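Undergrad: Each protein sequence line maps, in turn, to chains A and B. Each residue of the first sequence is one higher than the last, beginning at 1 in our numbering. Each residue of the second sequence is one higher than the last, beginning at 1 in our numbering.
The hints are simulated quantities; they were obtained by calculation from the structure and are not laboratory data. Treat the hints loosely; a few may be bogus.
BS3-like cross-link-like pairs, simulated, lysine-lysine; straight-line CA separation at most 27 Å [said to hold, decoys possible]:
hint, chain 1, residue 1, chain 2, residue 2
1, B, K64, B, K40
2, A, K168, B, K126
3, A, K41, B, K126
4, A, K41, B, K54
5, B, K57, A, K41
6, B, K91, B, K44
7, A, K168, A, K27
8, B, K91, B, K64
9, B, K124, A, K28
10, A, K27, B, K126
11, A, K27, A, K121
12, B, K91, A, K28
13, B, K64, A, K41
14, B, K126, A, K28
15, A, K27, B, K54
16, A, K65, B, K126
17, B, K126, B, K91
18, A, K65, A, K121
19, A, K65, B, K124
To give an idea of the chain A side of the interface with chain B (calculated C-beta under 10 Å), a few residues [said to hold, decoys possible]:
hint, residue
20, R7
21, T61
22, L91
23, S136
24, L158
Treat the numbers as computed from the prediction; the structure is a model and nothing was measured. Glycine residues also receive a C-beta, built at the ideal position from the N, C-alpha and C atoms.
This is what each chain is made of:
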Amino acid sequence: MFAARQRIYLDTNVLVAKVKGEEDRVKKIAYWERYVAEEPKRQLVVSIFTLMELLHVIRNTLARKLDPNTDLNQARNYVINESVSLFNEILEDMIRLPETYAIVFDVGVTISKRELELQYKYVGQVRRRRCECGESFVLRYGGVGHADMVHLAIARQLACDTFLTFDKGFIPLKEVVYPPEIIVL
Amino acid sequence: MAVSKALMRKAGIVLSQTISIAGDPYSVSLMPTFVLKLEKAEEKRIERVIEDIKEGKASVRALKDYDMDLVLEVANRLREARRIGPDAYIKILDYIGRLFLARLLGYEDVPEPDPEAPARLTGKLKELLSGINPVEVVRDVRG
Chain A
1 MFAARQRIYL DTNVLVAKVK GEEDRVKKIA YWERYVAEEP KRQLVVSIFT
51 LMELLHVIRN TLARKLDPNT DLNQARNYVI NESVSLFNEI LEDMIRLPET
101 YAIVFDVGVT ISKRELELQY KYVGQVRRRR CECGESFVLR YGGVGHADMV
151 HLAIARQLAC DTFLTFDKGF IPLKEVVYPP EIIVL
Chain B
1 MAVSKALMRK AGIVLSQTIS IAGDPYSVSL MPTFVLKLEK AEEKRIERVI
51 EDIKEGKASV RALKDYDMDL VLEVANRLRE ARRIGPDAYI KILDYIGRLF
101 LARLLGYEDV PEPDPEAPAR LTGKLKELLS GINPVEVVRD VRG
């Protein structure tokens with residue numbers, strides 16, 4: 001018999017897509033928000049690791065959008081001030097999220113040999129990407145990495161039965177990681 | 001309010017000191033016995049509150065006035081001993097998480113949930129993240 005999903009872990013790219021407000025992806029997230037709202041025991045789980053990555057995404061993006069000739073100290077001050085202001089705006093809403101969301105910090109995570117074994121076995125792809133200068137190309141390896149493994153370990157530790165992500169890099173792990181069941185949206 | 005190691009540290013009471021013997025550092029506990037007893041009593045009180053939360057007799061906000069490090073310690077111990085299930089455990093972790101963020105923002109306690117909050121969160125960084133792929137940007141920070 002099909003067991004209903006109860007605790008659904010959100011990968012960082014899901015939260016980033018939500019705060020970005022990308023229409024197609026927001027619709028997919030809204031489906032899960034409605035799903036958890038149907039039953040009181042269902043929850044979407046946001047971990048401290050997700051919030052830490054979101055803060056890093058904000059800082060990284062702020063720095064990238066600056067003129068490369070900006071004075072480095074000025075740039076640093078700008079990144080710090082702006083990121084704190086933007087992050088606090090997000091936190092103001094996060095602490096008011098309904099109980100369909102759980103914001104979980106202080107997770108004791110055990111990273112076992114299984115995590116290294118998975119990373120070792122499931123090799124990703126080498127892709128050709130345009131260099132940041134825009135004039136040439138560079139090769140980049142992209143596959144399941146240590147941070148992905150930490151997210152999966154946190155989800156498992158919190159007894160999440162489902163792991164939601166937009167990252168297709170998780171597809172090879174769908175067959176071998178359970179629980180949580182990985183759903184690539 | 002109950003007394004805990006964290007509160008005593010905040011009050012400037014030195015609980016341990018590092019001494020050097022033959023060049024190696026050793027931590028020596030300076031904590032008087034009565035402090036240990038008070039902390040044990042506080043742990044018992046927290047345990048009772050958590051039991052009440054589990055049984056739906058108390059709101060998770062009943063934990064507000066306790067030292068959160070100690071609450072976490074007790075919750076972890078109860079979870080390990082399977083005296084609380086994942087639902088109660090996550091409820092407590094969620095409250096600790098929200099309380100930490102709320103205090104970071106200057107609130108004394110977690111504000112009441114707002115059903116409009118998820119909608120307000122959507123598109124909050126629209127301008128900053130325009131033209132950016134959420135998957136790629138997260139991949140970048142993961143290295």
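Undergrad: A separate judgement is required for each hint: does it hold in the structure or not?
TA: Hints, one by one, checked against the model:
Between B:K64 and B:K40, the direct Cα distance comes to roughly 18 Å. Compliance with the 27 Å bound is thereby established for this hinted pair. For the proposed pair A:K168 and B:K126, the alpha carbon gap of about 23 Å is at most 27 Å, so the pair holds. The suggested pairing of A:K41 with B:K126 is violated, with an alpha-carbon distance near 31 Å, which exceeds 27 Å. A hinted pair counts as satisfied when its Cα atoms are at most 27 Å apart, and A:K41 with B:K54 qualifies at roughly 13 Å.
Distance check on the hinted pair: B:K57 and A:K41 sit about 17 Å apart at the alpha-carbon level, within 27 Å; holds. Taking the CA atoms of B:K91 and B:K44, the gap is about 19 Å. The hint holds against a cut of 27 Å. At most 27 Å may separate the alpha-carbon atoms for a hinted pair to count; A:K168 and A:K27 meet this at roughly 18 Å. About 13 Å separates the Cα atoms of B:K91 and B:K64, which keeps this hinted pair within 27 Å; it holds.
As the CA atoms of B:K124 and A:K28 are separated by approximately 17 Å, the hinted pair is consistent with the 27 Å bound. Straight-line distance between C-alpha atoms of A:K27 and B:K126 comes to about 15 Å, which keeps the hinted pair within the 27 Å bound. Between A:K27 and A:K121 the alpha-carbon distance is near 34 Å, which puts this suggested pair outside the 27 Å criterion. For the suggested pair B:K91 and A:K28, the alpha carbons sit about 26 Å apart, so the restraint of at most 27 Å is met.
Between B:K64 and A:K41 the alpha-carbon distance is near 23 Å, which keeps this suggested pair within the 27 Å criterion. Taking the CA atoms of B:K126 and A:K28, the gap is about 17 Å. The hint holds against a cut of 27 Å. Restraint check for A:K27 and B:K54: the C-alpha separation of about 34 Å exceeds 27 Å, so the hint is violated. Between A:K65 and B:K126, the direct Cα distance comes to roughly 14 Å. Compliance with the 27 Å bound is thereby established for this hinted pair.
Using a Cα cut-off of 27 Å, the hinted pair B:K126 and B:K91 is violated, with the two alpha carbons roughly 31 Å apart. Between A:K65 and A:K121 the alpha-carbon distance is near 37 Å, which puts this suggested pair outside the 27 Å criterion. Note on A:K65 and B:K124: the hinted pairing holds, with a Cα-Cα distance of about 18 Å set against a maximum of 27 Å. Interface hint at A:R7: satisfied, since its Cβ lies 7 Å from the closest Cβ of chain B, which is below the 10 Å cut-off.
Satisfaction of the interface hint for A:T61 is found here, the shortest Cβ-Cβ separation to chain B being roughly 6 Å, below the 10 Å cut-off. Given hint, A:L91 at the interface with chain B, holds; its Cβ is 5 Å from that chain's nearest Cβ, closer than 10 Å. Nearest Cβ of chain B to the Cβ of A:S136: about 18 Å, over the 10 Å cut. The hint is violated. Hint status for A:L158: holds, given a least beta-carbon distance of 6 Å to chain B, under 10 Å.
Hints 3, 11, 15, 17, 18 and 23, counting from the list given before, are not met by this structure.
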